[in-house]
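**Q** For the record, the sequence lines run as chains L, X and D. If you use my numbering, the first sequence corresponds to residues 1 to 267, in order. If you use my numbering, the second sequence corresponds to residues 268 to 486, in order. If you use my numbering, the third sequence corresponds to residues 487 to 724, in order.
Do not take every clue at face value.
[What the hints assert, rightly or not] Derived CB-CB ranges, DEER-like:
no., chain 1, residue 1, chain 2, residue 2, range
1, X, 470, L, 87, 43 to 53 Å
2, X, 412, D, 711, 28 to 38 Å
3, X, 424, D, 629, 34 to 44 Å
4, D, 550, X, 450, 27 to 37 Å
5, L, 252, X, 473, 50 to 60 Å
6, L, 266, D, 652, 45 to 55 Å
7, D, 503, X, 314, 41 to 51 Å
8, D, 713, L, 30, 26 to 36 Å
9, X, 314, L, 131, 52 to 62 Å
10, D, 613, L, 86, 28 to 38 Å
11, L, 246, X, 473, 37 to 47 Å
12, X, 473, D, 711, 49 to 59 Å
13, L, 252, D, 550, 40 to 50 Å
14, X, 325, D, 711, 37 to 47 Å
These are computed hints drawn from the structure, not numbers from a lab. C-beta: ideal position from N, C-alpha, C; glycine also.
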Amino acid sequence: MTIPLRLDSRKAARSEPDLVQRPVAIAIDHVSKKYGDLDVLKDCSMTVRRAEVVVVCGPSGSGKSTLLKCVNGLEGFQAGAITVAGTSVGDRRTDLTKLRSQIGMVFQHFELYPHLTVLQNITLAPIRVLGRAKSEAIDKAMSLLRRVGLADKAGCYPGQLSGGQQQRAAIARALAMDPIAMLFDEPTSALDPETISEVLDVMTELARDGMTMMVVTHEMGFARHVADRVVFMDGGCILEEAPAEAFFAQPSTERARSFLSKILRQQ
Amino acid sequence: MGGIDLDLIAATAPFLWDGLCTSFQLLLLAMAGGISLGAILAVVRIAGPKPLAALAATYVNGLRSIPLIMVILWFYLLMPLATGRPIGAFTSALVAFTIFEAAYYSEIIRAGIQSVSKQQLAAATASGLSQLQAYRFVVLPQAFRKMTPILLSQSIALFQDTSLVYVVGLRDFMTAVSVTANREGHLVAFYLFAALVYFVLCCTGAQSVQLLKKSMVSQ
Amino acid sequence: MIYHWDWSVPISAPYLGWLMSGLAWTLLVAGAAWVIAFVLGAAIGILRTLPHRGARMIGAVYVTVFRSVPLLLQLFLWYFVVPELLPASVAHWIKRDLPLPEYWTSVIGLGLFTAARIAEQFRAGIQAVGRGQSMAAAASGLTLLQSYRYVLLPVAARYVLPPLTSEFLNVVKNSSLALTIGLLELTGQSRQIEGVTFHGIEAFTAATLIYVALTLTAIAAMRAIERVVAIPGLMARV
Chain L
1 MTIPLRLDSR KAARSEPDLV QRPVAIAIDH VSKKYGDLDV LKDCSMTVRR
51 AEVVVVCGPS GSGKSTLLKC VNGLEGFQAG AITVAGTSVG DRRTDLTKLR
101 SQIGMVFQHF ELYPHLTVLQ NITLAPIRVL GRAKSEAIDK AMSLLRRVGL
151 ADKAGCYPGQ LSGGQQQRAA IARALAMDPI AMLFDEPTSA LDPETISEVL
201 DVMTELARDG MTMMVVTHEM GFARHVADRV VFMDGGCILE EAPAEAFFAQ
251 PSTERARSFL SKILRQQ
Chain X
268 MGGIDLDLIA ATAPFLWDGL CTSFQLLLLA MAGGISLGAI LAVVRIAGPK
318 PLAALAATYV NGLRSIPLIM VILWFYLLMP LATGRPIGAF TSALVAFTIF
368 EAAYYSEIIR AGIQSVSKQQ LAAATASGLS QLQAYRFVVL PQAFRKMTPI
418 LLSQSIALFQ DTSLVYVVGL RDFMTAVSVT ANREGHLVAF YLFAALVYFV
468 LCCTGAQSVQ LLKKSMVSQ
Chain D
487 MIYHWDWSVP ISAPYLGWLM SGLAWTLLVA GAAWVIAFVL GAAIGILRTL
537 PHRGARMIGA VYVTVFRSVP LLLQLFLWYF VVPELLPASV AHWIKRDLPL
587 PEYWTSVIGL GLFTAARIAE QFRAGIQAVG RGQSMAAAAS GLTLLQSYRY
637 VLLPVAARYV LPPLTSEFLN VVKNSSLALT IGLLELTGQS RQIEGVTFHG
687 IEAFTAATLI YVALTLTAIA AMRAIERVVA IPGLMARV
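Bound conformation, chain L alone (with noise of 0.2 Å):
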């Protein structure tokens, strides 16, 4: 387990009854998705509300990271309905473009682009989308870099970057839109394990600090500290949704139990 017990403190601030008077960020609502015949999502419903943390879980190939990329419009789906802040990501007059641009997203793999530096990767989009002035958008990214610990390595090019210096990198390059909500791909799965840990802190200052998040991640010393929430999909269906200590102390399917004493095993 990487993470350091100062986590904790992060929701002693919140409590559960605070959270549902929430305004709901993302709601999905009977998502369901197919490749061909295969089911990909089966009648998914899940909220985010407002500067909510929620974990995505679940073993590999049960349809979290589908379902995430379904919430910016990513991945389409067949039937049901996803809506971010009012707006309904399914519906063919929705601008999908505008609506990413209020929603940040980091991937697997970083998707840093190589041939830009690390500044370059950040303001590309608030100068060229948002129409930002380019001396306003290095200012942001300074002081985002500042805050993810990069401040040295805005001229480096994402190559000459260690994997968790690259994801630090992406975490900030998706703040710079200032998005209403942050969605994270399995953002350490592709990391050395010591530096797991650093990319894992961002994410939890970012939590602390009110971003409402939705996480598909298998850390789960993550999902125990930090989130409020998780979800629990398997075969394309979400099987569990919980309040964090309660879904660690006694889930209530045989499947999540399995998972998690095999995953906690694991590390």
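With chain L held as given, fit chains X and D onto it using these hints.
**A** Here is chains X and D on its own, set in the frame of chain L:
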């Protein structure tokens, strides 16, 4: 004007068919010769003594930097001088294609062998196989799988290239079509017909290579 | 057979002039065909990677058609067949008023043929950049156009440089086919010298050496460009 006159093409069919057979003869013989010579060149470049490897590299790079037509003309000129007696356009073209295509085949074979990771060779020798056995039983079978579709694609290109024997007047399919078209005064019909024949043959070939590739991946 | 060597043939008047004129035509055909091939090839290669099925189909059909017919026959089709199939007025203009018909036919034929090959290189280059990169670009709100302009193409362009070097050399070599429709480029001129002087070996040697020199120059130039545009830290991935 225009339109493909089927009767005319039917009347000239035997002559065109002979041409097509010549094209295929050139293809198959040059393929066999080119791949054999190419394999030797590739092995020499990978495992041969330094001076020999350098010589093979010069051969490959040198031939790859001159046009095929030039090579065909060279051999058409040199073969009779070298042998001291007139030699047919077919033989000189066949030698030219073999020598020329070997350079391209050898690059494909070399890339195929090198695409098998060094760890595979290490793993094989670690398990007690000799260097030769490791190549024979572990590296080459994998390399062969990877390079077969590319060798076949190159052979489709070679088939198209056989049309260049036109410059030495050898009666392959292309030349036969050209001769007939000019004799009958129907350039449009005959050239369109030839395009259709080449298109169907090459497309079928390319599709088959694709299928082979897929079946090899799924195995 | 006795061969009378005379190595002064390719470097004496008028034959040296013939060879130089041949070299000039080779470069003119290859250069103009390259422009067509590069622009059209890049466009078709991009078409083949777009998320629209129709666009991909158009690109695939172009590539299949132009790769399945020998270049020699394609030149004949452009030279002998296409003018006959065009409206009479256009055909008349091509036959009567088009200056240098052999040249322009060679350029068009070679350009369109090579475009199909370059399209494949671009398609492979763009696909090598990876689906993750286009997803990342889309996720940050870039439009499709922007993601090609700022993310996919700059990286893909670096991937395709080495294969484009060999395609450029192919254009130079393939320009020799222009001799079949009567354009006396380098190979054609060397054959003409052979026909006039019977010193084929000397003439062919000269032409061959010029081709080798062209190849070496092109390779050196491309290596220099590759060094200039190399992305720090990315070499391992290529």
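**Q** Going back to the hint list, which numbers does this structure go against?
**A** The structure conflicts with hints 8, 11, 12, 13, 14, although it agrees with all the remaining ones.
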